[in-house]
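Undergrad: Residue numbers (this note's numbering), protein chains in the order written: chain A, 1 to 217; chain B, 1 to 210.
Since the hints were made in silico from the structure, they are not lab data.
One should not assume that every hint holds.
[Stated by the list, open to error] For lysine-lysine, the following DSSO-like pairs were computed, each having C-alpha atoms within a straight-line distance of at most 27 angstroms:
id: 1; chain 1: B; residue 1: Lys6; chain 2: A; residue 2: Lys7
id: 2; chain 1: B; residue 1: Lys209; chain 2: A; residue 2: Lys7
id: 3; chain 1: A; residue 1: Lys41; chain 2: B; residue 2: Lys142
On a predicted model such as this, the values are computed, not experimentally measured, just so you know.
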Amino acid sequence: MKQPIIKASDHGLAGCHTCGKVSPVELGRCPRCGTQLHLRKPDSIESTIALMAAAAALYIPSHLLPVMTVVEIGVVTPSTIIGGMMTFWRSGAYPIALVIFAASILIPLLKIASLSWLCAAAGGWVHPSPAALGRIYWFTELLGRWSMIDIFVVGILVSLLQLGNYMAITPGPGALAFAGVVVLTMFAAMRFDPRLLWDRLDQMSAAAPPHPTIPES
Amino acid sequence: MLSWPKPPGDARLSACHFCDTLHRFSPVEEGISARCVRCGGLLYENRAASLTRASAFSLAALLLMVLVHTFPFLIMDAASMRRNLTLTGAASALMHQDAPLLGASIILFTVVTPLMLAGGMIYVCLPLLFGRAAPGANFAAKWMYRSEPWNMVEVFLLGVLVSLLKLVKVADVHFGIGFWAFAGVMLCMAAALAGIDREELWDRLEVAKP
């Protein structure tokens with residue numbers, strides 16, 4: 001079914017980010033919940049790129065610096081995320097090693113890569129299909145939180161393994177850097193406005209429909 | 001037919017969050033969702049017994065949270081010492097080890113956010129069952145939805161499992177009631193959030209008597 005499509009922004013209408021009510025953007029604030037109304041999130045691409053660049057910069061120290069230091073009978077062993085994963089792999093705990101690999105190494109990289117791709121598409125530098133982009137955006141928002149698992153593991157181990165002189169664990173600077181990566185990529189994903197992708201698509205297929213109508217939902 | 005009242009004088013328009021396509025609001029059968037004609041994104045869904053479900057599951061989540069903070073997640077015996085893991089214990093251990101931000105992030109993502117979500121949901125939905133809006137319900141609903149992406153209950157649970165596998169090598173570890181209660185919190189919160197559509201909740205708030 002091919003139907004002429006009109007967008008809320010064509011009529012100066014904005015769907016509220018918080019409550020979804022569609023109101024004229026000149027009201028400034030949503031009459032229902034008081035959230036600021038925007039046709040599109042302001043400076044969406046710029047702030048997404050800035051937050052993402054900060055996350056990418058923190059990603060390097062988060063893997064080079066130890067996330068925790070194990071002191072066992074006087075022997076001090078710093079441990080990185082990758083080191084912890086390798087220990088699981090060598091001891092034959094492959095599923096856990098894969099979970100850590102996915103959550104700590106792969107997901108942040110995939111998130112940074114997919115947000116860059118989305119920003120490039122919204123900026124008009126690449127032209128992939130919008131349906132695929134929608135899936136990438138959904139996936140990025142869904143998976144981001146799981147990277148936090150390593151921070152929680154550090155917290156749990158630090159809390160439990162305080163066995164006096166026998167064994168103690170202290171958190172390392174890598175953990176803070178990694179938490180920074182997770183939080184920054186989450187903010188970057190929230191700042192991105194997927195509607196820009198469709199705006200770009202409409203701009204490219206400029207042929208406007210002769211009689212725009214509002215489709216029944 | 002639509003089971004919730006639309007605000008009077010409302011233009012009955014709905015804009016897709018993903019592609020901004022404007023739709024005229026039309027009622028859907030119970031259990032049916034309305035999707036965007038252009039990108040297929042979810043517009044709204046008519047959910048069965050929405051207010052009852054949202055209130056009941058968020059109340060259950062709140063009650064389970066009491067158990068979560070009373071009983072340990074893991075109990076570990078090592079070097080003739082017994083240690084317990086709790087959420088606040090993990091956070092305070094990090095704070096005492098010069099990692100106050102990490103400790104605060106544990107508190108924020110596993111204690112504060114779930115509390116805001118479940119507490120906000122029950123504060124908004126329970127009075128709505130009787131057609132009334134609680135004082136400051138708009139504010140509560142706004143912050144409830146804002147806290148949603150930061151809720152990391154399920155991530156912490158997986159973290160407990162990974163830690164357990166690290167710990168079995170050095171100590172005798174077993175699960176405590178706190179772990180199972182937190183798993184219950186995860187399920188109840190997912191059910192509460194899936195219980196009521198965002199559009200429905202805000203429409204009901206708008207027509208409710210203060």
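Undergrad: Find the hints from earlier in the document that the structure breaks and name them by number, from lowest to highest.
TA: Checked against the structure, the only hint that fails is number 2, while the rest are satisfied.
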